[in-house]
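S.K.: Listed below are the residues making up each chain.
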Amino acid sequence: DAEITQSPRHKITETGRQVTLACHQTWNHNNMFWYRQDLGHGLRLIHYSYGVHDTNKGEVSDGYSVSRSNTEDLPLTLESAASSQTSVYFCASSGVLGYEQYFGPGTRLTVT
Amino acid sequence: RKEVEQDPGPFNVPEGATVAFNCTYSNSASQSFFWYRQDCRKEPKLLMSVYSSGNEDGRFTAQLNRASQYISLLIRDSKLSDSATYLCVVNRDDKIIFGKGTRLHILP
Numbered sequence: 034d035a036e037i038t039q040s041p042r043h044k045i046t047e048t049g050r051q052v053t054l055a056c057h058q059t060w061n062h063n064n065m066f067w068y069r070q071d072l073g074h075g076l077r078l079i080h081y082s083y084g085v086h087d088t089n090k091g092e093v094s095d096g097y098s099v100s101r102s103n104t105e106d107l108p109l110t111l112e113s114a115a116s117s118q119t120s121v122y123f124c125a126s127s128g129v130l131g132y133e134q135y136f137g138p139g140t141r142l143t144v145t
Numbered sequence: 012r013k014e015v016e017q018d019p020g021p022f023n024v025p026e027g028a029t030v031a032f033n034c035t036y037s038n039s040a041s042q043s044f045f046w047y048r049q050d051c052r053k054e055p056k057l058l059m060s061v062y063s064s065g066n067e068d069g070r071f072t073a074q075l076n077r078a079s080q081y082i083s084l085l086i087r088d089s090k091l092s093d094s095a096t097y098l099c100v101v102n103r104d105d106k107i108i109f110g111k112g113t114r115l116h117i118l119p
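Listed in order, the protein sequences are those of chains A and B. Start counting the first sequence at 34; every next residue gets the next number (the numbering used here). Start counting the second sequence at 12; every next residue gets the next number (the numbering used here).
What the hints contain is simulated information worked out from the structure, not anything from laboratory work. Even for Gly, the Cβ is constructed at its ideal location relative to N, Cα and C. Just to be clear, a hint being listed does not mean it is correct.
Below, simulated DSSO-like cross-link-like pairs (lysine-lysine); rule was C-alpha separation at most 30 Å, straight line [to be verified]:
id: 1; chain 1: A; residue 1: Lys44; chain 2: B; residue 2: Lys56
id: 2; chain 1: B; residue 1: Lys56; chain 2: B; residue 2: Lys90
id: 3; chain 1: B; residue 1: Lys111; chain 2: B; residue 2: Lys13
id: 4; chain 1: A; residue 1: Lys90; chain 2: B; residue 2: Lys53
id: 5; chain 1: B; residue 1: Lys111; chain 2: B; residue 2: Lys90
id: 6; chain 1: B; residue 1: Lys111; chain 2: A; residue 2: Lys90
id: 7; chain 1: B; residue 1: Lys90; chain 2: A; residue 2: Lys44
Heads up, incomplete: computed chain A residues facing chain B, CB under 7 Å, no partners named [as the list claims (entries may be wrong)]:
id: 8; residue: Val52
id: 9; residue: Leu76
id: 10; residue: Gly128
id: 11; residue: Gly131
id: 12; residue: Phe136
Only some residues are given here: those of chain B computed to face chain A with a beta carbon under 10 Å [as the list claims (entries may be wrong)]:
id: 13; residue: Gln42
id: 14; residue: Tyr47
id: 15; residue: Pro55
id: 16; residue: Ile107
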């Protein structure tokens with residue numbers, strides 16, 4: 034069965050360190066998304082990609098970057114982790130823009 | 012004004028009751044609408060799409076009112092397993108916009 038996975042599921046890191054969160058999907062979807070979810074803010078879009086070598090900034094992209102070298106993976110990098118980036122991060126993919134998104138199980142990141 | 016707004020709740024409802032939530036959206040150009048469900052500490056999952064004519068899936072009914080720019084979700088004969096956060100989602104120009112969610116607690 035097709036799926037979308039994220040790793041690690043939990044991560045504790047120190048302020049200033051570079052962190053990369055992995056996202057891998059086997060749906061063969063062109064469209065992939067990274068969100069963060071915090072109490073009181075709901076899901077906020079960080080970056081998204083409509084295909085290989087395509088990346089776009091979302092509403093909260095500062096301090097984050099992504100790259101898309103193949104269809105299956107969209108890793109999210111925190112260049113220099115800050116405590117404000119403590120959050121739950123969800124990756125999602127969709128086959129058709131504007132329609133159902135399939136979410137990964139999330140990564141809980143704590144920056145100390 | 013937020014583009015998609017929901018009452019955050021929580022709605023505390025006895026098992027077996029009917030509960031309804033609304034969600035308003037501000038951009039009249041919004042094209043399609045969805046309800047997602049998110050269980051505690053889990054990922055969001057699509058519950059149902061919302062069609063102009065309204066649609067029903069078992070105990071769940073979704074309605075769209077374009078004139079007043081809101082969508083609704085009705086849950087009949089609520090079960091303990093319906094306890095979750097319900098996210099209203101709007102598609103505008105191929106961009107998916109999530110509401111912050113409404114928390115529902117079904118009480119035994």
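S.K.: Does each hint hold? Answer for all of them.
M.R.: Checked hints:
Of the pairs offered as hints, the one joining Lys44 (chain A) and Lys56 (chain B) holds, with about 23 Å between alpha carbons and a cut-off of 30 Å not exceeded. Note on Lys56 (chain B) and Lys90 (chain B): the hinted pairing holds, with a Cα-Cα distance of about 18 Å set against a maximum of 30 Å. Distance restraint check for Lys111 (chain B) and Lys13 (chain B): the Cα-Cα separation of roughly 10 Å lies within the 30 Å cut-off, and the hinted pair is therefore satisfied. Between Lys90 (chain A) and Lys53 (chain B) the CA atoms are separated by roughly 25 Å; this keeps the pair inside 30 Å, and the hint holds.
Restraint check for Lys111 (chain B) and Lys90 (chain B): the C-alpha separation of about 23 Å stays at or below 30 Å, so the hint holds. Of the supplied pair hints, the one linking Lys111 (chain B) and Lys90 (chain A) holds, its CA atoms being roughly 20 Å apart against a limit of 30 Å. Restraint check for Lys90 (chain B) and Lys44 (chain A): not satisfied, since their Cα atoms lie roughly 35 Å apart, outside the 30 Å limit. Restraint check, Val52 (chain A) versus chain B: the minimum CB separation of about 20 Å is more than 7 Å; hint violated.
For Leu76 (chain A), the interface hint holds, since its Cβ comes within 7 Å of a Cβ in chain B; the closest pair sits about 4 Å apart. For the restraint placing Gly128 (chain A) at the interface with chain B, the shortest Cβ-Cβ distance is roughly 13 Å, beyond the 7 Å limit, so the hint is violated. Because the smallest distance between the Cβ of Gly131 (chain A) and any Cβ of chain B comes to about 4 Å, under 7 Å, the interface hint for this residue holds. The beta carbon of Phe136 (chain A) is positioned within 7 Å of a beta carbon in chain B (closest approach about 4 Å), and the interface hint is therefore held.
A cut of 10 Å between beta carbons decides the hint on Gln42 (chain B): the least distance to chain A is about 7 Å, and the hint holds. A cut of 10 Å between beta carbons decides the hint on Tyr47 (chain B): the least distance to chain A is about 8 Å, and the hint holds. Using the Cβ-Cβ criterion of 10 Å, the hint placing Pro55 (chain B) at the interface with chain A is satisfied: the shortest such distance is roughly 5 Å. For the restraint placing Ile107 (chain B) at the interface with chain A, the shortest Cβ-Cβ distance is roughly 6 Å, inside the 10 Å limit, so the hint holds.
Violation of the numbered hints given earlier is confined to hints 7, 8 and 10; the remaining hints are satisfied by the structure.
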